[in-house]
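Visitor: Respectively, the protein sequence lines represent chains X and R.
All the letters of the first sequence, read from the start, carry residue numbers 1 to 174 under the UniProt record's numbering.
All the letters of the second sequence, read from the start, carry residue numbers 1 to 174 under the UniProt record's numbering.
FYI, nobody ran anything at the bench for these hints, they're computed from the structure.
No residue lacks a Cβ here, since even glycine has one placed at the ideal position from N, Cα and C.
Worth double-checking, as some hints may not be accurate.
[Said to hold, decoys possible] Beyond 12 Å from chain R on every Cβ pair, some chain X residues (computed): (1) 3; (2) 19; (3) 21; (4) 33; (5) 44; (6) 50; (7) 66; (8) 70; (9) 139; (10) 153; (11) 154; (12) 162.
[Claimed, not checked] The list that follows gives simulated cross-link-like pairs (lysine to any residue, SDA-like), each with its CA atoms no further than 25 Å apart: (13) 33(X) to 42(R); (14) 33(X) to 13(R); (15) 33(X) to 118(R); (16) 33(R) to 3(X); (17) 33(X) to 129(R); (18) 33(R) to 65(X); (19) 33(R) to 24(X); (20) 33(R) to 25(X); (21) 33(R) to 142(R); (22) 33(X) to 3(R); (23) 33(R) to 137(X); (24) 33(R) to 71(X); (25) 33(R) to 118(R); (26) 33(R) to 116(X); (27) 33(R) to 118(X); (28) 33(X) to 135(R); (29) 33(R) to 117(X); (30) 33(X) to 70(X); (31) 33(X) to 169(X); (32) 33(R) to 144(X); (33) 33(R) to 70(X); (34) 33(R) to 79(X); (35) 33(X) to 43(X); (36) 33(R) to 65(R); (37) 33(X) to 21(X); (38) 33(X) to 52(R); (39) 33(R) to 75(X); (40) 33(X) to 120(R).
Number of protein chains: 2
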Amino acid sequence: MIPPNFTRRIPEGEDRERLVCNDCGYIAYENPKIVVGSVVSDEGRILLCRRAIEPRRGYWTLPAGYMEMGETTEEGARREAWEEARARLAFDGILAIYSIARIGQVQIIYRARLAEPGYSPGPESLDVRFFAWGDIPWDDLAFPSVRWALRAWAEGETAIAGNPPRDPRGMDGL
Amino acid sequence: MIPPNFTRRIPEGEDRERLVCNDCGYIAYENPKIVVGSVVSDEGRILLCRRAIEPRRGYWTLPAGYMEMGETTEEGARREAWEEARARLAFDGILAIYSIARIGQVQIIYRARLAEPGYSPGPESLDVRFFAWGDIPWDDLAFPSVRWALRAWAEGETAIAGNPPRDPRGMDGL
Ligand SMILES: [Zn+2]
Ligand SMILES: [Zn+2]
């Protein structure tokens, strides 16, 4: 993922390696990225999207994606639910925050409901469905954090869930 | 803040403007950055650091700073408390999450205590002190979010505080 003309080295006045452009000295700071998403429930059923894009095409995930500049975390979660599931959300607070250090992600997951009826696959989804708890396709979930968030939701966690104890850096099973 | 040889334009296959290097076409994605910090309390008093660096040199702030790659949010908050206050922390969960959309920040603020005695100014601090609530230098706080976090702490909020109602984008008074 390093652009061809960048080198990893310690710039003057810094204390750790950065990506520096060989041509112009531009420092491409690598910062952890924020993923915002939602566990959307309706009478105990959960909204999942089947991914139309890589990675993990064909697997089921929560409506979630990278937060963009200029939006709040809630606005980001709202936008992603529209882009992926054509769903308009109302939020009931934050369910969980997961740090996935190896890939430089922090996931902020909301509890949500449909603010108005209707949902359908957006361009990044093959299918969008509400699943009863017993019907959730556990073996076909796209990412471990989808499983964590579903479990946190089912346990009615009111505090913030951190990463599962066995998996402090968010890597297990990825 | 645009590097000299970058232009803001819409790259092929994207739907919004990005910073693109005129020399090599490298796209410098601008993502919201994560600030991790702590309200560290000890018998009702709160730890504040007087900033030795710009912006807001001389003003008081919480131990907090940008999360780095390869760490979890908690590890980041721990590192910042060491760098700025030479304090070793124990955490009691997340106090608040603030989106400061205009400057592209998401702040994740922990409730914390000293895990071991001792604290002193690190290289980025002029002074580090525990303040009783009535002695907090409200007019000399570095950032509005410091005030928000202190208020959230005092109100004993167990849920996550969002941005104050008057200030949904985190801009008031900055
Ligand atoms: Zn360059
Ligand atoms: Zn370049």
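Visitor: Now look at each hint and say whether the structure bears it out.
Guide: Going down the list of hints, with the structure as the test:
1. Here residue 3(X) does not stay apart from chain R, with its beta-carbon only about 5 Å from theirs, under the 12 Å limit.
2. For residue 19(X), the shortest C-beta to C-beta distance to chain R comes to about 10 Å, within the 12 Å cut-off, and the non-interface label is violated.
3. At the 12 Å boundary, the C-beta of residue 21(X) falls inside the reach of chain R, the nearest C-beta of that chain being 7 Å off.
4. Once the 12 Å rule is applied to beta carbons, residue 33(X) is inconsistent with being away from chain R; the minimum gap is 5 Å.
5. For residue 44(X), the requirement that its beta carbon stay farther than 12 Å from each beta carbon of chain R is met, with the minimum near 22 Å.
6. No Cβ of chain R comes within 12 Å of the Cβ of residue 50(X); the nearest lies about 22 Å off, and the non-interface call holds.
7. With 12 Å as the threshold on Cβ separation, the claim that residue 66(X) sits away from chain R is violated: the shortest Cβ distance comes to roughly 7 Å.
8. The Cβ of residue 70(X) sits about 6 Å from the closest Cβ of chain R, inside the 12 Å cut-off, so the non-interface label is violated.
9. No beta-carbon of chain R comes within 12 Å of the beta-carbon of residue 139(X); the shortest separation is about 28 Å.
10. Against chain R, the non-interface label of residue 153(X) holds: every CB pair exceeds 12 Å, the least being about 16 Å.
11. Consistency note on residue 154(X): stated as away from chain R, and its beta-carbon is indeed over 12 Å from all of that chain's, at 19 Å minimum.
12. Consistency note on residue 162(X): stated as away from chain R, yet its beta-carbon is not over 12 Å from all of that chain's, at 7 Å minimum.
13. Restraint check for residue 33(X) and residue 42(R): not satisfied, since their Cα atoms lie roughly 33 Å apart, outside the 25 Å limit.
14. Between residue 33(X) and residue 13(R) the CA atoms are separated by roughly 21 Å; this keeps the pair inside 25 Å, and the hint holds.
15. For the hint pairing residue 33(X) with residue 118(R), the CA-to-CA distance comes to about 33 Å; that exceeds 25 Å, so the pair is violated.
16. Of the pairs offered as hints, the one joining residue 33(R) and residue 3(X) holds, with about 21 Å between alpha carbons and a cut-off of 25 Å not exceeded.
17. Proposed proximity of residue 33(X) and residue 129(R) is contradicted: the alpha carbons are some 33 Å apart, above 25 Å.
18. For the hint pairing residue 33(R) with residue 65(X), the CA-to-CA distance comes to about 15 Å; that is within 25 Å, so the pair holds.
19. A hinted pair counts as satisfied when its Cα atoms are at most 25 Å apart, and residue 33(R) with residue 24(X) qualifies at roughly 24 Å.
20. Taking the CA atoms of residue 33(R) and residue 25(X), the gap is near 22 Å; set against the 25 Å cutoff, the hint holds.
21. Restraint check for residue 33(R) and residue 142(R): satisfied, since their Cα atoms lie roughly 19 Å apart, inside the 25 Å limit.
22. Of the pairs offered as hints, the one joining residue 33(X) and residue 3(R) holds, with about 21 Å between alpha carbons and a cut-off of 25 Å not exceeded.
23. About 34 Å separates the Cα atoms of residue 33(R) and residue 137(X), which puts this hinted pair outside 25 Å; it is violated.
24. At most 25 Å may separate the alpha-carbon atoms for a hinted pair to count; residue 33(R) and residue 71(X) meet this at roughly 12 Å.
25. Restraint check for residue 33(R) and residue 118(R): not satisfied, since their Cα atoms lie roughly 30 Å apart, outside the 25 Å limit.
26. Distance restraint check for residue 33(R) and residue 116(X): the Cα-Cα separation of roughly 32 Å exceeds the 25 Å cut-off, and the hinted pair is therefore not satisfied.
27. Distance restraint check for residue 33(R) and residue 118(X): the Cα-Cα separation of roughly 33 Å exceeds the 25 Å cut-off, and the hinted pair is therefore not satisfied.
28. In summary, the hint linking residue 33(X) to residue 135(R) is not supported, as the alpha carbons are separated by about 37 Å, beyond the 25 Å threshold.
29. Pair hint residue 33(R) plus residue 117(X) does not hold up; C-alpha atoms about 34 Å apart against a cutoff of 25 Å.
30. This hinted pair checks out: residue 33(X) and residue 70(X) have alpha carbons roughly 14 Å apart, not beyond 25 Å.
31. Taking the CA atoms of residue 33(X) and residue 169(X), the gap is near 15 Å; set against the 25 Å cutoff, the hint holds.
32. With a CA separation close to 24 Å, the supplied pair residue 33(R) and residue 144(X) stays within the 25 Å bound.
33. For a cut-off of 25 Å, the pair hint linking residue 33(R) to residue 70(X) stands: about 11 Å separates their Cα positions.
34. For the hint linking residue 33(R) to residue 79(X), the alpha-carbon distance of about 19 Å falls within 25 Å, and the restraint holds.
35. For the proposed pair residue 33(X) and residue 43(X), the alpha carbon gap of about 32 Å is over 25 Å, so the pair is violated.
36. For the hint linking residue 33(R) to residue 65(R), the alpha-carbon distance of about 10 Å falls within 25 Å, and the restraint holds.
37. Taking the CA atoms of residue 33(X) and residue 21(X), the gap is about 21 Å. The hint holds against a cut of 25 Å.
38. With a CA separation close to 28 Å, the supplied pair residue 33(X) and residue 52(R) exceeds the 25 Å bound.
39. For the proposed pair residue 33(R) and residue 75(X), the alpha carbon gap of about 16 Å is at most 25 Å, so the pair holds.
40. Restraint check for residue 33(X) and residue 120(R): not satisfied, since their Cα atoms lie roughly 32 Å apart, outside the 25 Å limit.
Going down the numbered hints, you'll see the structure goes against 1, 2, 3, 4, 7, 8, 12, 13, 15, 17, 23, 25, 26, 27, 28, 29, 35, 38, 40, while the others check out.
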